[in-house]
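Q: When you get a sec, could you build the whole thing from the sequences and use the hints?
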Amino acid sequence: MCLGMLWFLFLTLPCLGSTMPLTPDSGQELVGIVGGCPVSASRFPWQVSLRFYNMKLSKWEHICGGSLIHPQWVLTAAHCVELKEMEASCFRVQVGQLRLYENDQLMKVAKIIRHPKFSEKLSAPGGADIALLKLDSTVVLSERVHPVSLPAASQRISSKKTWWVAGWGVIEGHRPLPPPCHLREVAVPIVGNSDCEQKYRTYSSLDRTTKIIKDDMLCAGMEGRDSCQADSGGPLVCRWNCSWVQVGVVSWGIGCGLPDFPGVYTRVMSYLSWIHGYVPKFPEPSMGPDRIHTPEDTPATHADPFTPSSSPASLS
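Numbering of the sequence shown is given in UniProt numbering, commencing with residue 1 and proceeding in unit increments.
Label-pair restraints from in silico Cβ distances:
1. Leu106 / Thr210: 36 to 44 Å
2. Asp260 / Lys84: 32 to 40 Å
3. Val140 / Ser204: 44 to 52 Å
The set of hints was computed from the structure by calculation and includes no laboratory data.
Note that beta-carbon positions come from the ideal geometry of N, C-alpha and C, so glycine has one too.
A: Here's what the structure looks like:
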């Protein structure tokens, strides 16, 4: 792809009977796991796959990620459920899965709640790229299915912490994730909003008084380490005070893993009041024998998460 082109998510809309590109203005959106490794069982038990029905393939196809934040609620990006004409029946959610489509047990979506400030015209770069999905029934919690914790409104984003993003999206060379489509993770460094603004300003025609990286956004990633297409809606997480906390939702960006363009995420702290207006607070997860690994428990290839490995892990 060309450097200055924003990636778009193309959605097959079974309930509308057409295939429609979501293309606001000069572009939008993004961002598969580039530079990552396969995830071990139970590491991210909140990770979900959002599905649309592909009539040509006669299957519910993965189009976005999301996170379980309550046994009956999923947090995702608004652009993943962008068009208001799309009803909840257009979607399914898969929880507790490492390999896409392996022993699917899809759950119906009862309600879609897009943030009211999200603009279909501007899409993800316009901000408020956040949505809630209420499941038709509660999930059965287990070692492999468990909500992630939400941060405090005062949560500060530390560049000294290790931040993780996972998904089933595009990988190196903009190639689709090959079978068996195993969930992948990558550690990404936080990039301050002012630095991120300067990087994106280089390829923007917007007036300099208009912010590209808005206050409800945060940036993370570096050359060769990023989220990409079909990772949208997935969580950016960190281990914090003995809990895994989600601070970001994969939203948009220019390319994937390019040197000057970190991925852009919706800042969860900006929307906690809105989220809790719909989602009951869920108890903090037990961090005892749940076998959810911390970054320190991960293989040696993660000891220095921001130094690319000389021999990338195989997917097979």
